[in-house]
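Asker: Line order of the protein sequences matches chains C and X.
Each number in my numbering corresponds to the 1-based position in the first sequence with 163 added.
Each number in my numbering corresponds to the 1-based position in the second sequence with 1 added.
Heads up, a few of these hints could be off.
[To be verified] Taking lysine to aspartate or glutamate and the EDC-like style, the derived pairs with C-alpha atoms no more than 20 Å apart in a straight line are:
no. : chain 1 : residue 1 : chain 2 : residue 2
1   : C       : Lys-268   : C       : Glu-308
2   : X       : Lys-20    : C       : Glu-235
3   : X       : Lys-23    : X       : Asp-63
4   : C       : Lys-231   : X       : Asp-65
5   : C       : Lys-231   : C       : Asp-196
6   : X       : Lys-20    : C       : Glu-239
7   : X       : Lys-23    : X       : Asp-45
8   : C       : Lys-268   : C       : Asp-309
9   : X       : Lys-44    : C       : Glu-271
10  : C       : Lys-268   : C       : Glu-235
11  : C       : Lys-231   : X       : Glu-64
12  : X       : Lys-23    : X       : Glu-64
13  : X       : Lys-20    : C       : Asp-198
14  : C       : Lys-231   : X       : Asp-63
15  : X       : Lys-44    : X       : Glu-31
16  : X       : Lys-23    : X       : Asp-50
17  : X       : Lys-44    : X       : Glu-19
18  : X       : Lys-44    : X       : Asp-73
19  : C       : Lys-268   : C       : Glu-239
20  : X       : Lys-20    : C       : Asp-237
21  : C       : Lys-268   : C       : Asp-196
22  : C       : Lys-231   : X       : Glu-19
23  : X       : Lys-23    : X       : Asp-35
24  : X       : Lys-20    : X       : Asp-50
25  : X       : Lys-20    : X       : Asp-63
26  : X       : Lys-23    : X       : Glu-37
27  : C       : Lys-268   : C       : Asp-198
28  : X       : Lys-20    : C       : Glu-308
29  : X       : Lys-20    : X       : Asp-45
30  : X       : Lys-20    : X       : Asp-35
It is worth saying that the hints were derived from the structure and are not from the lab.
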Amino acid sequence: MLVIRADLVEEMVAHARRDHPREACGQLLGPGDSDRPERYVPMTNADDADARGSDYRFDSGEQFRVYKQAMENDEETVVVFHSHTRVPRRPLTDSGLPEAYPSVKDIEYMGLQPGVHFAIVALTGPDAEPDLRSFLLDADGEVIEDEVQVVERYMLSHTGADDVPDRS
Amino acid sequence: MSATVSIPTILRTHTGGEKQVKADGSTLQEVIADLEANHPGIKDRLVTDGALHRFVNVYVNDEDVRFAGGLDAQVPDGGTVTILPAVAGGR
Numbered sequence: 164m165l166v167i168r169a170d171l172v173e174e175m176v177a178h179a180r181r182d183h184p185r186e187a188c189g190q191l192l193g194p195g196d197s198d199r200p201e202r203y204v205p206m207t208n209a210d211d212a213d214a215r216g217s218d219y220r221f222d223s224g225e226q227f228r229v230y231k232q233a234m235e236n237d238e239e240t241v242v243v244f245h246s247h248t249r250v251p252r253r254p255l256t257d258s259g260l261p262e263a264y265p266s267v268k269d270i271e272y273m274g275l276q277p278g279v280h281f282a283i284v285a286l287t288g289p290d291a292e293p294d295l296r297s298f299l300l301d302a303d304g305e306v307i308e309d310e311v312q313v314v315e316r317y318m319l320s321h322t323g324a325d326d327v328p329d330r331s
Numbered sequence: 002m003s004a005t006v007s008i009p010t011i012l013r014t015h016t017g018g019e020k021q022v023k024a025d026g027s028t029l030q031e032v033i034a035d036l037e038a039n040h041p042g043i044k045d046r047l048v049t050d051g052a053l054h055r056f057v058n059v060y061v062n063d064e065d066v067r068f069a070g071g072l073d074a075q076v077p078d079g080g081t082v083t084i085l086p087a088v089a090g091g092r
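Extracted from the complex, chain C is given alone in its bound form (with noise of 0.2 Å):
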């Protein structure tokens, strides 16, 4: 399961729309070892193989800065944000939006991030309504869906409320 704050949510939904119709990428960085994330870092975008945007690529030198100052935060990556946009080149779903699963080359790269939470964000416009699922592989490499909560604040029993994330 994800459990996210909805301001997050709010996050990558907004990056989603600014960057549509080319796809949307970043991640969300948390503690170390506490699958909550706290804060949302945007990614450009590198991918040029197709100058539609129907693939994404994080910059490799931005990466790195980030891993940097993450190490330096003792935060890790806790989820892998992209969004999917294209609508005549993914499966629809009932729905009429693209539909929020992995393709197979985000499958492949879903691999080499074990424990890590995969979040699309399917979205048709930029005015669409967004939809967010989330996705795991598990010890087989098969990939299996993670149930999303979105939550106001983090109930953390040793802290109390969350208001504030614990890093900015």
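Chain C is fixed; fit chain X onto it per the hints.
Answerer: Using the frame of chain C, we list chain X on its own:
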């Protein structure tokens, strides 16, 4: 000529869970050969057909080696080599 190599989670099965290991070599190629000597199997996760695998990003100090000579990239004594999983997808 010794470098510190940061190992991503996915490859720590080869290093007994260690996040950082030492390796000798003055080029990335030599560093990877030394890694393989001490942590068998790791080379195949990094190199395919004589080039770096597209699933990994490798940095010497702060620079992505794809822009610094690939496997021939120079590794200074006391330098750091960071291996990160490439993050990509789509289609």
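Asker: Give me the numbers of the hints this structure contradicts, sorted from smallest to largest.
Answerer: Result: hints 10, 16, 19, 21, 24, 27, 28 break, sorted rising.
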